[in-house]
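Student: So the protein lines, in turn, are chains A and B.
Quick note on numbering that gives the first Met the number 0: the first sequence kicks off at 0 and runs consecutively.
Quick note on numbering that gives the first Met the number 0: the second sequence kicks off at 0 and runs consecutively.
One should not assume that every hint holds.
One side only, chain B facing chain A, incomplete, derived with CB under 8 Å [claimed, not checked]:
1) 0
2) 18
3) 42
Listed below are several chain A residues computed to face chain B (Cβ distance under 7 Å; list not exhaustive) [stated by the list, open to error]:
4) 130
5) 291
6) 659
7) 726
Since the hints were derived computationally from the structure, they do not count as laboratory data.
Every residue, glycine too, gets a C-beta built ideally from N, C-alpha and C.
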Amino acid sequence: MTTTDATTATAPGVIGQRLLRREDPALLTGEAKFTNDMHVPGALHLAVLRSPYAHARITKVDVSAALQVPGVRAAYSGADLADLWAAPMPCAWPVTDDMKNPPHHPLATDKVCYVGDGVACVLADSDTAAHDALEAIDVEYEALEAVTDLEDALSDRVLVHEDLGTNTSYTWALKVEESEGAVDRAFAEAAHTVSERYVQQRLIPMAMEPRAVLSMPQPFGGDVTLYSATQVPHILKVMTAITLGIGEHQVRVVAPSVGGGFGSKLNVYAEELLCVALSRKHGVPVRWNETRSENTMATIHGRGQIQHIELAADDNGKLTGIRVRLIGDMGAYLQLVTPGIPLLGAFLYAGVYDLPKAYDFECTSVFTTMTPTDAYRGAGRPEATYAIERAMDALAGEVGVDPLELRRRNFIPTESYPYEAFSGLTYDSANHDGAATMAAEMLGYDELRARQAEQNVDGASKRIGIGVSSYFEMCGLAPSRVLASLNYGAGGWEAATVRVLPTSKVQVVTGSTPHGQGHETSWSMIAAEKLGIAPEDIDVLHSDTAVSPLGLDTYGSRSLPVGGVAVAMACDKVIDKAKQIAAHQLEASPDDLEFAGGAFTVKGSPDRTMPLAAIAFEAFTAHDLPDGLEPNLEAQVTYDPPNFSWPFGTHMCAVEVDVDTGEIEILKYVAIDDCGVQVNPLIVDGQVHGGVVQGIAQALYEEAVYDTDGNLTTSTLAEYLVPAASDVPPITTGHTVTPSPTNQLGVKGVGEAGTIGAAPAVINAVVDALSGLGVRDVPMPASPLNVWNAINHAQEAPK
Amino acid sequence: MIPAAFDYVRAGSAEEAVSLIAEHGEDAKFLAGGHSLLPLMKLRLAQPTVLIDIGRVNDLSYVRDGGDHVAIGALTRHMDVETSDVLREHAPLLAHAASHVGDPQVRHRGTIGGSIAHADPASDLPAATLALGATYVVQGPNGTREIAAADFYEGFLTTSMAADEMLTEIRVPKMGGAGWGFQKFNRRAQDWAIVGVAAWRRNGDAGVALVNMGSVPILASSVASALAGGASIDDAAEQAAAEADPQADLNASVEYRIHLAKVLTRRALEAASG
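Only chain A is shown next, with the shape it has when bound in the complex (with noise of 0.2 Å):
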């Protein structure tokens, strides 16, 4: 593996060491409990009946023989309930001041509005008794008519919210032009032009752990804990609270070992305010467990939009212009982050590339008789980065010039950093050259293209194709400041304690909230760095509002270039503070002592010395402190970041296509990603392989599917295809390390860069594979079937 050494600049150290994960032995080894896991005494389960109709009246709901069944103790119409909610399940996401937002309840009343609506709930003694109960609920409906596919619903010809008068819930632009006309200008005087139109499929998130919840209430006063299978406990503490009209300081929310998200959950969903309601309502302790099918249609689904992207350049294939027209799939309701989805790609449909101030981007967002979309693993930014990387291959192909070539000519330069882009952002620091070289390099480009032109002759049955993707991962989220002007509902901060305790022990306190992602790893590393311990002398306590209750958790690529700077700010802090104390003790002022390998030494006087582990005792005993200083050795911070961070890299990917069958084999993959400095390359090279074959998932197995009916006839795993280890292919990682100027750390954040890179990597090399055949493009999921279909159309078409 090429890769340039991230440590450095910091060796000998902790940061930029492939120490193995400390999460690992109790997940490996089914010891980690998750919230399913926890045994709870006469707990009630919660089952929740769904409607089997996309888009129908409630005639109405009869529980009364459900109440009959064995071990049930109470059942409960949408109606029983509406008296609970004291606001609509919340939309965090206001994009626009006249966005549509339907009111969204725990329980539909009048109305079901894609399969999976919850009409009804049973609460028995067990799992299994409530699902039996299910079956004996009566309810009636008025069937209406679905609406699945994106157009039809711009038409308002069904509408699925009529009190709207529209399926549109939102329009919204960013046009930035030079002079008034620019984007007109460049298409007009431009040398090439390609329009084209994706469609970005729906996903079914599918994270391993389906989720699960249980609500504790307290006996007396109202207090209640919440456990939920959650990326977002601080977020789901304060909506809880507004939602069922607790007071937030009565509401404590913990997410035990959570198995995965991708975004799915990072939500407010039905079942758990279902759960807190009910236990408060009863008394008793309420819990949920999703099935896996239930997971398939009442957890959000992610993606799911029409792009059309034009772009103008001149005739060296340098770009001048970009129109893009999103429809964007909102399904039935607004669900926490809906609507902001396409926003955060909106700035990205230039990837890499160096336009002028001369673009147009507009987004119109439908509701549609299906599962709400929300946040899934890129979250815009993969749907923009494929969109103009699928259109860079098409110009390339109109300008007569290599992919990679035309990259070239049109990457933002090296020596342009920091680089205030046509939309008023900059980016931080960036080698796009330097990324793509070094992916030509490991794939073996120029022998890839001997090779291809060898063998794609006319009746090859087995074609080469080789695809090419550059990205920029706008992550960091985020400056507070630029998401106020984005209208979302909360800041972009994250809080850190460091609390050097007594015994010199170490806890970090963070309000990101891992569910897969190593923090503990991650951050015992940075708090070992800075403070000079071992980072087993460090533990990382998180997810729990009762325990960390400052923090905005874990999502777009934010842990480490906003957490994980707060942690490395918190223990400067610590230092600062120490250092009172060291020079009190040492009779040193402190602008002569040096900290280094956990100690303060005074300069020129090597024997005059104080570990931190004495200063912490001091510190905790208070005996002998400075006038005036507290006792205690702790230090929070809370970081809102200056700026996005920007990783970047290049994605290279060869395929060989069967002519005979539509079957693709990815012959070599090759992902080199720049997340700035590396705290553990072993965790990166985790986050770039899982994100890869996300990515690959898109691009060849996976659609949440509908019939016209509205059904999902993608419901279980045997239909919808996650690959498995046997169908993806070995993942070739590199690495350049150009760290970021806007933090101490130089980190930017990987979580979401290998599925962004690689959906349009795998499909520009199944075109570049037809290309010879007329093909010009394969929808995703580019199955055997959409393959052999695209093939036969364009030996159909008039040459």
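For this one, chain A is given, so just place chain B on it according to the hints.
Tutor: Structure of chain B alone, referenced to chain A:
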């Protein structure tokens, strides 16, 4: 994902299993490896009131040389079919097909008898045994009888076994010296075939059967006839779908399935002729 309530009894022998199914009637189901039945029960698409567990009837787990045939006990696990030396020598097509069933967990639990009695046209072993001209032995209240594979599959998930009969043995003619080919086309390694083809050739004879090309496993007799009549592999393979009645699903249109059947039949015959 949570099945409806059911009763459970365990049979110690084939005789006991047959008497238990007679006792419990139509709402009872045999449970062998459970890899077809249990998922249907978890989705509540099947709601048997009694499960008769035959999974521990160990004397039905064997692969034996039966002279002109190989006898395979119905409760032989796929992994044991795949690795049987007797089968690898006398019916390598079947051993190879078993290695393509599901994934290793499935192959260690699932049984050849369960797969054949379930009669899923998308499963590999019904078509593989059909191509080989196998005979199935079934046991009922009045003793045992033999059913030719060609007479066994009546419709989607239905067979010519009576409700009170149980499949006990699969007899596969010895095929020493035959060339063979097995083509399984799917999107993920562990999935059912979108289309599969099992084929063998020996001297002038040939047998070809298709996976997932209709409501039952399909014997592609026209291909064998064409080959017997001297047709080339390419021309014979064009007849692959003559007996088939494929349906469209998420993975394939009817046209695509027919196309795949031809391509895969050609490839299987090429392997069988190599």
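Student: Evaluate each hint against the coordinates.
Tutor: Comparing the hints with the structure gives:
no. : hint : result
1   : 0    : holds (4 Å)
2   : 18   : violated (30 Å)
3   : 42   : holds (7 Å)
4   : 130  : holds (5 Å)
5   : 291  : holds (6 Å)
6   : 659  : holds (5 Å)
7   : 726  : holds (5 Å)
When held up to the earlier numbered hints, the structure conflicts with hint 2 and nothing else.
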